[in-house]
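Chemist: Residues per chain, in single letters:
Protein chains: 2
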Amino acid sequence: MQVTLKELAMRANVHPSTISRVANNDPSLRIAVETRQRIEELLRETGYQPNGIARGLKLRQTKVLAVVIPDITNPFFAALFRGVEDGASPRGFNVLLCNTDGLPDRQRSHLLSLQARRVDGVIVASSFLKDPSVRELRRQRGPYVLVNRFSDEGEDPFVGSDDLLGGQLATGHLIELGHTRIGHLSGKPTVSTGILRRRGFLAAHTIAGLDPDPRLIIEAGYTEESGALAARRLLSMPNPPTAVFAVTDMVAIGLMGVARQLGMRIPEDLAVVGYNDIPLASRLSPGLTTMHVPIHEFGSVAVRLLLEQLESESVGRRVRFTPDLIVRESTVPGAAHTGRLARTSLSTE
Amino acid sequence: MQVTLKELAMRANVHPSTISRVANNDPSLRIAVETRQRIEELLRETGYQPNGIARGLKLRQTKVLAVVIPDITNPFFAALFRGVEDGASPRGFNVLLCNTDGLPDRQRSHLLSLQARRVDGVIVASSFLKDPSVRELRRQRGPYVLVNRFSDEGEDPFVGSDDLLGGQLATGHLIELGHTRIGHLSGKPTVSTGILRRRGFLAAHTIAGLDPDPRLIIEAGYTEESGALAARRLLSMPNPPTAVFAVTDMVAIGLMGVARQLGMRIPEDLAVVGYNDIPLASRLSPGLTTMHVPIHEFGSVAVRLLLEQLESESVGRRVRFTPDLIVRESTVPGAAHTGRLARTSLSTE
DNA sequence: TACCGATGAACAAACGATTGCGCTAGCCTA
DNA sequence: TAGGCTAGCGCAATCGTTTGTTCATCGGTA
Numbered sequence: 001m002q003v004t005l006k007e008l009a010m011r012a013n014v015h016p017s018t019i020s021r022v023a024n025n026d027p028s029l030r031i032a033v034e035t036r037q038r039i040e041e042l043l044r045e046t047g048y049q050p051n052g053i054a055r056g057l058k059l060r061q062t063k064v065l066a067v068v069i070p071d072i073t074n075p076f077f078a079a080l081f082r083g084v085e086d087g088a089s090p091r092g093f094n095v096l097l098c099n100t101d102g103l104p105d106r107q108r109s110h111l112l113s114l115q116a117r118r119v120d121g122v123i124v125a126s127s128f129l130k131d132p133s134v135r136e137l138r139r140q141r142g143p144y145v146l147v148n149r150f151s152d153e154g155e156d157p158f159v160g161s162d163d164l165l166g167g168q169l170a171t172g173h174l175i176e177l178g179h180t181r182i183g184h185l186s187g188k189p190t191v192s193t194g195i196l197r198r199r200g201f202l203a204a205h206t207i208a209g210l211d212p213d214p215r216l217i218i219e220a221g222y223t224e225e226s227g228a229l230a231a232r233r234l235l236s237m238p239n240p241p242t243a244v245f246a247v248t249d250m251v252a253i254g255l256m257g258v259a260r261q262l263g264m265r266i267p268e269d270l271a272v273v274g275y276n277d278i279p280l281a282s283r284l285s286p287g288l289t290t291m292h293v294p295i296h297e298f299g300s301v302a303v304r305l306l307l308e309q310l311e312s313e314s315v316g317r318r319v320r321f322t323p324d325l326i327v328r329e330s331t332v333p334g335a336a337h338t339g340r341l342a343r344t345s346l347s348t349e
Numbered sequence: 001m002q003v004t005l006k007e008l009a010m011r012a013n014v015h016p017s018t019i020s021r022v023a024n025n026d027p028s029l030r031i032a033v034e035t036r037q038r039i040e041e042l043l044r045e046t047g048y049q050p051n052g053i054a055r056g057l058k059l060r061q062t063k064v065l066a067v068v069i070p071d072i073t074n075p076f077f078a079a080l081f082r083g084v085e086d087g088a089s090p091r092g093f094n095v096l097l098c099n100t101d102g103l104p105d106r107q108r109s110h111l112l113s114l115q116a117r118r119v120d121g122v123i124v125a126s127s128f129l130k131d132p133s134v135r136e137l138r139r140q141r142g143p144y145v146l147v148n149r150f151s152d153e154g155e156d157p158f159v160g161s162d163d164l165l166g167g168q169l170a171t172g173h174l175i176e177l178g179h180t181r182i183g184h185l186s187g188k189p190t191v192s193t194g195i196l197r198r199r200g201f202l203a204a205h206t207i208a209g210l211d212p213d214p215r216l217i218i219e220a221g222y223t224e225e226s227g228a229l230a231a232r233r234l235l236s237m238p239n240p241p242t243a244v245f246a247v248t249d250m251v252a253i254g255l256m257g258v259a260r261q262l263g264m265r266i267p268e269d270l271a272v273v274g275y276n277d278i279p280l281a282s283r284l285s286p287g288l289t290t291m292h293v294p295i296h297e298f299g300s301v302a303v304r305l306l307l308e309q310l311e312s313e314s315v316g317r318r319v320r321f322t323p324d325l326i327v328r329e330s331t332v333p334g335a336a337h338t339g340r341l342a343r344t345s346l347s348t349e
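Quick note, the sequences are listed as chains A and B, same order.
Numbering-wise, the working numbering puts 154 at position 154 of the first sequence, and it's gapless, one number per residue.
Numbering-wise, the working numbering puts 212 at position 212 of the second sequence, and it's gapless, one number per residue.
Any given hint could turn out to be false.
Copies of one chain are not kept apart here, so a pair can be met inside one copy or by any two copies together.
Only pairs whose alpha carbons sit at most 30 angstroms apart, straight line, appear in this in silico DSBU-like list of lysine-lysine [as the list claims (entries may be wrong)]:
hint, residue 1, residue 2
1, K58, K130
2, K63, K188
3, K6, K63
4, K6, K58
5, K188, K58
Simulated from the structure, these hints should not be mistaken for laboratory data.
Could you put the whole structure together from the sequences, leaning on the hints where they help?
Modeler: Have a look at this one:
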């Protein structure tokens, strides 16, 4: 058990409030130097730490943030979380982590629980379009930020990348390389990144005067397994594509595994582009060409937006980064050293 | 803002305590059916959720656990965390995640913060031998469990694998393959896994009547980068080893990257064994031979030990799993399908 | 001597929930 | 009709802090 203000007060023969003021360096009230020193000594001796629960109840803030993601096992979300913690920790916040596995029900129950816990803010990176739990979030008027994926109704505070442009750049790269039959392992139509990157994929074709083959677009979800599954369908078609844009790096990795199993060489038989530039992408062999986005920064910026809301009661802003193409060997043989260092540009609304 | 008991009490014309009893289904007191129904209706209408902070203060439990690890970006810890959350979530606990980056100072400050927050229990997977913050943990007498790494003084509640045996099996495998110059990229001497796996490495030599070359043992830490660094030193020696046992899969991955850069073929020029069997290990090419340990289970078992302590005031137990060798292509060409499905055995003290 | 202004610290009311205990009213029994 | 039992609910303390207000004391001044 921990020592409390009351106990210290008894030992120092003063009122608990006096101890509290010394411990918090309360500027509103002078304390006699002698008393102050006596109490400070006592605090040091006992290693007193105020009970955060009681403090939270009184001050109405818990100094806890929460991150809601599909799965921490996915390197994208691990990096994102690090960004959040690195932003939150120095400011005295701890961070709760909630995995939803992409299940709306689990997301809902997590958000309910977070609400009951009165966390100071929540960062959601697992939202859907028209997401009822996001709607719930808006209603509560507690600080929140959507990351990576947005929910199309309403202008929620947001940090992410320009997915439309990203999809377009990724596909444009393949077109520039001379590919004309390009496949797309897409995200879900219920998720903003899925919709937009797909739209970018189509836009790149239009710009180049190409006619995309709709049969080459296959919904793949966001995991390596689901990517592999979709890849098997795509690559076993009668007239398979010579290049594929995958909605995320993890899906691209699933695809590359299947291609390897089928004896296809990358990039000679199949060029592959991913999205996100997770750390793993550069360590793969061949290295994965992908759209770089500042994942870690997503997290730290999300925290900043959250704290802005906390401090100024303001409504959250929207920050969108411009993704950057990183060319590696999965599209260009021996490209290892041509991938320039990522420099992501930023746009705030 | 959330609705409180007091407000509901006014609206229902009863005392707050009555609302509380209905909300909690308090068995100790009868409520008139009519009243109960009226209140239940009100609860439903307003979606009342008790303030977790106030509740925590009164009941002296927060329903929050904490996990302290070096870095969630490391797949081992990501899997471990999932184990924890999957064990904790169904029981109504949320989980705080703290990354230390292996820095004792950050560990200390995190643990202090967790103590102030009065979390119900903490899971530490980043402890050192003779760790002052573990000593602190013991002193506080709050529930805690050490995972994967233990601290040699005292018999702390623990979940992990038999690292001595693991190191021995891994090295024994290389010896059986005919290797005689075997290198070891070791962990740190300040970490139990480092010490024990190294000892296992030596024991396997002794058993086989081999004399290990001490120059082939290089301290590599636990990250891919530090592994690569140490690997460069090891492989550039005048008489390099033909096989290496790396203290973790991440270190092995760093090693394999360097080997590739040096134009060495795996396993023909260099056989590699890792430890932990992180998901990544099987997806690598060549697949990584490694010691399988049930990472996810580490987490869920740790939660169980924690809750046992919470419920029965008992002192925590120690659970040690027996690691299993998984043979893949990094030691045996074309071994892809010989790696048997892991079946880990358990020993409880 | 009486009053006044600082100074230093105690008082007490929150924050929102939980829970043992006590009170009231109604009914039954003697 | 008085006493007792019980069902149903209110009372109030408590968890540990924070903070506006009040109170006592003391030195100095008129």
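Chemist: Indicate which option fits the pair K6, K63 if close means a Cα-Cα distance not exceeding 30 angstroms: within, between, both or neither.
Modeler: both (24 angstroms within a copy, 25 angstroms between copies)
Chemist: If the cut is 30 angstroms between Cα atoms, do K63 and K188 qualify within a copy, between copies, both or neither?
Modeler: Neither: 35 angstroms inside a copy, 35 angstroms across copies.
Chemist: Under a CA distance limit of 30 angstroms, which applies to K188 and K58: within one copy, between copies, both, or neither?
Modeler: Neither: 44 angstroms inside a chain and 45 angstroms across chains, both beyond 30 angstroms.
Chemist: How would you classify K6 and K58 at a CA-CA limit of 30 angstroms: within, between, both, or neither?
Modeler: both (16 angstroms within a copy, 16 angstroms between copies)
Chemist: Since the copies are identical, ignore which copy is meant and state whether K58 and K130 lie within 30 angstroms (CA to CA) inside a copy, between copies, both or neither.
Modeler: For K58 and K130, neither the intra-copy (36 angstroms) nor the inter-copy (38 angstroms) Cα distance is at most 30 angstroms.
Of the hints listed earlier, those the structure fails to meet are numbers 1, 2, 5, in rising order.
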